[in-house]
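As given, the protein sequences belong to chains A and B, one line each in that order.
Count along the first sequence starting at 1, add 15, and that's the number in our numbering.
Count along the second sequence starting at 1, add 19, and that's the number in our numbering.
Any given hint could be a false lead.
Taking CB as the label site, the calculated pair distances span [what the hints assert, rightly or not]: (1) A/E139 with B/I295: 43 to 53 Å; (2) A/R190 with B/R239: 16 to 26 Å; (3) A/G199 with B/P197: 21 to 31 Å; (4) A/A187 with B/F94: 58 to 68 Å; (5) B/I318 with A/V163: 58 to 68 Å.
If you're looking for bench data, these hints aren't it; they were derived computationally from the structure.
Backbone N, C-alpha and C fix where the C-beta goes; we use that ideal spot for every residue, glycine too.
Listed here are the chains, written in short residue letters.
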Amino acid sequence: MSHEGRVRTAPVERARRYAMVIDDRACLNCQACVVACKAENSVPIGSHRNWVTEVEKGRFPFVSVQMEPGQCMQCENPPCVRVCPTGASFIDPDGIVLVNAADCIGCRYCIEACPYGARYFHEESGTVDKCTFCRHRLDQGQEPACVVTCPTRARIFGDADDPDSEVARAIARNRVEGRKEEAGTRPNVFYLS
Amino acid sequence: MERNWGLLVVTYLMLGGLSAGAMVISGLATYFGRQERYTVLARLGAFVAPFPVLLGSALLVFDLGRPLHFWKLFFAFEPQSPMWVGTWLLTLFTLVSLAYLDLFLPERLRLWNPARIEVWKNLLAAAGLPIGLGVGIYTGVLLGAVPARPFWNTPMVAQLFLFSALSTASALLMILVPAFERGAEADEGRRLLVSADVIFILLELLIIVPYILHGELSTRSARESLLMILGGPFTGLFWIGVVLLGLLVPLATEVVELVPVLARGRSFRPHRTVEIAAGLLVLIGGFLLRYVFVQAGQISSFG
């Protein structure tokens, strides 16, 4: 079942390539992004579209705690889309990996295929759900909820194909890296390294 | 704790394997010829083949978040998705195995009565055998095709599941043969099943060893995922349940049963208690194997 705008891999000609740069050194683990996402997208209790992990490094007295916000990496080459047996998972023309709930039968194969653990099963709808980069907000010219709510401005969001955008400049001017890139996923969420 | 994929998926993998194995054994027996020791197996395999997978498919549909939308699988074209390929394999398998079963029914019960029935049996066996192998392998490919789960992400999982499918089906037929067939020819059929199961169990063991060696020599995430069965939460279940009770003990009893035949040329005397005990152990071991793989695989993660 195809539906309009559905593409299997990143399209040659596309409108935009939405991307995010996360400065994890700016993250305080205040969880505001997690709460904002939950409220914005009515994410059920027990499920998350984003999260913050805390990793302790070093040995006393030389120790540090590193925060790292995580979410769907909006991959260019998403394993979740590849394994979907009905074509419900797709990449939209702006490079966002989405689930068309009408075609999702709830087999949950994509949840197993995602190396980032970014997808969850929505008990009520019986379908799989995930981060949409707040597609509905983008359509209204607003940024994703996690981006606008971040008090330390740890997230930069925009069209990476537009050289004048803040996100394109952040990618160009800094050493950025994706997570688990060795999985061949080509993520569109980058971290300052 | 119930994970993303739980007992329904485990049970389906078991039932799909049983059907696949029964079809392969029956198809092979049909190939081998008209002697009664083969037709005993061909007949029983044909009677068994369609039913476990029918139940298993029902469980799979029931396991979906939206079972009533399962038909969408058939209106999609997603050849890169193992699940989509598997859906068609299962459908094809069910149709072929049902048609094949029909030809083994007594004439008055047959839905379809072709003039040259033996030729049709051979043709459907020829179609059913590769499709059966496909279904047996597919259950492992479904898991193995997911790079995000290093515990699954090796082609050896598919081989292991295939050999386990053949072994569990041999075990099931071993238990069932005497209930339907008697006499010296049936005993010969039972000998073939025991002999085949010895080979299938050996193949399983000879996949488990390189599976572990390969993982140990592989990337960090593969090595760490193996900790699930090397000290982690599934260690006891795997080594005692799957390897010892599900493979080694039935292998030993089956070999002991075969020794008088092989060493002293005596005719095979099936020992009913041994047959049932070994068969049940193989079946339980096969279920535990799938349980361990489905559950441990979901905990393992990439990177």
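Hints that the structure is at odds with (numbers, increasing): 3, 4 and 5
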